[in-house]
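Chain residues, written in single-letter form:
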Amino acid sequence: MSQKEAVFSDHHIAHHFDTAEQEFDSAKLGMWLFLGQELLFFGGVFVVYTVFRNFYPEMFIDANKHLSWKIGSVNTIFLIVSSFTMAIGVRSAQTSKKNVLILCMILTFLFAAGFMVNKYFEYNEKIMHGFLPSKWFSGEGHFETMHIFFGLYFFATGLHGLHVLVGMGLIAWIIWRAQKGHFHAQYYTPVELVGLYWHLVDLIWIFLFPLFYLIG
Amino acid sequence: MSEHSHSDSTHGRTHFVVPVRYYLATLSALLVLTVLTVGVSRIDLGILNVAAALAIAIVKASLVMLFFMGMRWEKSFNVLIIIGTFFFMSIYFMFTLADTLARGKADPIETSRFGFKSPVKIIKPGEESSRSSHSESPAPSSESTAKH
Amino acid sequence: MQATAQSHGSYLTHPAGIRSWLLTFDHKRIGIMYLTFIVLAFFLGGLFAVLLRLELLHPGKDFFDAKTYNQLFTLHGAIMVFMFIIPSIPASLGNLFLPILLGAKDVAFPRINLLSFYLYVLGAGFAFYSLISGAVDTGWTFYAPYSLQSSTSTISMTTAVFILGFSSILTGLNFIVTTHKLRAAGMTWYKMPLFIWALYSTAILQVLATPVLAITLLLLIIEKVTGLGIFNPALGGDPVLFQHFFWFYSHPAVYIMILPGMGIMSELVTTFCKKQIFGYKLVAWSSVAIAIISFLVWGHHMFVSGQSEYSNFLFSILTFLVAVPSAIKIYNWVSTMYKGTIDLASPFLYALAFIFLFTVGGFTGIVLAALSVDIHLHDTYYVVAHFHYVMMGGTVMAFIGGLHYWWPKIFGKMFNEFWAKIAWFFVFVGFNMVFFTQFFLGNKGMPRRYYSYIDEFQPLHAFSTYGSWVLGLGFVIMGIYLFYSLWRGKPAPANPWGGLTLEWTLPSPPKHENFENPPKVEFGPYDYDKIKAATV
Chain A
1 MSQKEAVFSD HHIAHHFDTA EQEFDSAKLG MWLFLGQELL FFGGVFVVYT VFRNFYPEMF
61 IDANKHLSWK IGSVNTIFLI VSSFTMAIGV RSAQTSKKNV LILCMILTFL FAAGFMVNKY
121 FEYNEKIMHG FLPSKWFSGE GHFETMHIFF GLYFFATGLH GLHVLVGMGL IAWIIWRAQK
181 GHFHAQYYTP VELVGLYWHL VDLIWIFLFP LFYLIG
Chain B
1 MSEHSHSDST HGRTHFVVPV RYYLATLSAL LVLTVLTVGV SRIDLGILNV AAALAIAIVK
61 ASLVMLFFMG MRWEKSFNVL IIIGTFFFMS IYFMFTLADT LARGKADPIE TSRFGFKSPV
121 KIIKPGEESS RSSHSESPAP SSESTAKH
Chain C
1 MQATAQSHGS YLTHPAGIRS WLLTFDHKRI GIMYLTFIVL AFFLGGLFAV LLRLELLHPG
61 KDFFDAKTYN QLFTLHGAIM VFMFIIPSIP ASLGNLFLPI LLGAKDVAFP RINLLSFYLY
121 VLGAGFAFYS LISGAVDTGW TFYAPYSLQS STSTISMTTA VFILGFSSIL TGLNFIVTTH
181 KLRAAGMTWY KMPLFIWALY STAILQVLAT PVLAITLLLL IIEKVTGLGI FNPALGGDPV
241 LFQHFFWFYS HPAVYIMILP GMGIMSELVT TFCKKQIFGY KLVAWSSVAI AIISFLVWGH
301 HMFVSGQSEY SNFLFSILTF LVAVPSAIKI YNWVSTMYKG TIDLASPFLY ALAFIFLFTV
361 GGFTGIVLAA LSVDIHLHDT YYVVAHFHYV MMGGTVMAFI GGLHYWWPKI FGKMFNEFWA
421 KIAWFFVFVG FNMVFFTQFF LGNKGMPRRY YSYIDEFQPL HAFSTYGSWV LGLGFVIMGI
481 YLFYSLWRGK PAPANPWGGL TLEWTLPSPP KHENFENPPK VEFGPYDYDK IKAATV
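Protein chains in written order, with the working numbering: chain A, 1 to 216; chain B, 1 to 148; chain C, 1 to 536.
The shape of chain A in the complex, shown without the other chains (with noise of 0.2 Å):
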């Protein structure tokens, strides 16, 4: 089912490699590693997290109050249904049909968009109230180690956002490859590799959405 229309174009492996499948499951193997690393360099994060809500628990459930977890919800579903666009993106590169994979890449990017677009809102929200890190902190509130909570949700999804941003670029890129046809079911690695890195940034959501907005 896999014919190679006039409209992709063949795909060359590196000089080193000896077939294309061992180039794949290369790549492929790259990836997890990164993805790994990726991992821990979130894991820390937690760990700080942890430690501090296992410090102060009364007032990481106080400081949540000043989080929407509507907007928080709205966020999940958002990179959760995009999730889903890249899955199904990855598998129309799989089987050749380019079309569906240029619809699916521009859907996960919009989801993306309109998860960035609700922390702009969130942020500036913060910001007026002046729940900024330590050094900026002019807010107002109960427990007098607040600021430690703020600077963590910052650091945390700030991070989080900027990994999104990246992503999006990833998807950009994807795009503008595939509309000159160069992924097809010979060749669709990039996408798959895009793929795996998008799901992570979803995976890190699915654990920082609970931490931070759902808290007591």
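Calculated directly from the structure, the hints in this document are not laboratory data. Certain hints may be false.
Listed below are several chain B residues computed to face chain C (Cβ distance under 7 Å; list not exhaustive) [unchecked claim]:
(1) 16
(2) 88
(3) 91
(4) 92
(5) 96
(6) 98
(7) 99
(8) 102
Ideal Cβ placement from N, Cα and C applies to all residues, glycine included.
Since the structure of chain A is already known, use the hints to place chains B and C on it.
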């Protein structure tokens, strides 16, 4: 351990294409679990709230990894990398918490603080903040003191 | 470089031109570029060491004030750890030989390999900027809260290390994929040279441990800039938490440092004893075991930091465990030497030095692992001596041994063996003069990182400083004869030492594409008992 193949399969090689129903089912499950986790958080279960939130998050994460990321059908070494990663992360958590949760057992000075300057403007519980409040009514919990 | 019949058409000369070097994807050229920087970093870090030892000749001020002294030991540590020793063997000898030892044409991701190199250069650039813009004085460990308060350029130095970390991660990633996917026909996992097993285990650590360093430094930088409040007690933070974060990486890091050296040891001992390695599988899997267990012991750097007694107990017990696989290797190398045909060439002299010096370092590590003893020895010169014995007496000896072993292959030139032995002698004697003394200093109570000290320590300090001159002289001699060999050295044969691994089947230096035809591997890497090695 996998060895590379010398077979001349540069064209017409097929990889396993995941049937769409797996993706749809995963999406539905994830959305349901999201509703569930938000719902559970609105009920006060005390200490179980954290456990429930984490448990649901772990289930969601597993679904994303197994089906969206394809770990269900992935080569075993790639899966081993992720399992190894989680193993070392759990060591990181457990051993660090073995310290931070167990402080103060020998000497209370281990958990007190000195020279702390808070940037927070403290308002008493029940008091309205001078800026317009957007939150629900604050919980009447006691203020934290310099200890802990 | 003379275009002799052997170097004509080698990777060194073809393709020609500086652009072909700076934009190369050839793992061998990348290895050489790394080697240049690594050697420069070693000499720079060494210079700081000589200077700080100079200051310690007498109590009180000799040449530098206290703040400058703090900067000297910090820079010595930071440059040696992050710019020299962590990349040293993997990035230079690993890049040069991992693909060849596997029978491959290159690493799995040559472009990422070049990116790794340029990240290293970028990181080095930040480090250099930090040096000239208010050099750091926090100690290479950047402990909070002082690193948060110091007016020196901690942000640029920690940024440098952050970037260097990603260089390390990408190199590790490349090596793991290459080992899995690009082995030649017939090369099963148990036919790989043990250097590969060591590099592979190191790569696991590079990929999984370094990201934690990255997040630690990022948190530190953000805390310094914005006052996050997680490490600084004045803002409600926990400084011991910084130590947990820092050492979660930095303990595996010391195994990143030693494992490749142990890999080289397996190559040197087998080649220069013309003997099958004793216990191949044990040596291979002990590298993996070291990699895994190394993640479990970081708290032994923190016994007196105020962490809970449970943590102390846990980490002490686990630290005793991590010594076992290292000891297994020493037993196996010595057993390999037994009834071997020993050739005391200069590379092997370094291997012998390793066995003695690393054993001393290892034993003193066990001493420090004992919780009660560590209370007395923590932050003294005993610790300084211990880690120099393992890092320098271990890794650096192995690195130099490997460099000499593979020098003919890399450059196609033989160095002067007589001067090599002279340099070895100065290095070995000088090293012990500097550092054996420090065990006594530490046990008597001399604290580390101290600018001044009580009078009774002065003779030992002076002796240690004289040793640093002997050691330095050894390295200067080494630099001279090695450099000289590039111009005037005898052309090297393909297999000057009689080794059996794949690199010795190639010309010295090899061609750009490594193998003319993909090799087919029938024998193991140390099957001296099965084939007669042909020494050219």
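Hint check:
1. Interface hint at residue 16 of chain B: violated, since its Cβ lies 20 Å from the closest Cβ of chain C, which is beyond the 7 Å cut-off.
2. For the restraint placing residue 88 of chain B at the interface with chain C, the shortest Cβ-Cβ distance is roughly 5 Å, inside the 7 Å limit, so the hint holds.
3. A least Cβ separation of about 6 Å between residue 91 of chain B and chain C falls short of the 7 Å threshold, and the interface hint therefore holds.
4. Evaluation of the residue 92 of chain B hint against chain C yields a held restraint, the C-beta minimum of about 6 Å falling below 7 Å.
5. Look at residue 96 of chain B: its Cβ gets to within about 5 Å of chain C, closer than 7 Å, so that hint holds up.
6. Using the Cβ-Cβ criterion of 7 Å, the hint placing residue 98 of chain B at the interface with chain C is satisfied: the shortest such distance is roughly 5 Å.
7. Contact between residue 99 of chain B and chain C, as hinted, is supported at the beta carbon level, the nearest pair being about 4 Å apart and thus within 7 Å.
8. Annotation: interface hint on residue 102 of chain B holds; nearest CB of chain C at approximately 4 Å, less than 7 Å.
Hint 1 alone, counting from the list given before, is not met by this structure.
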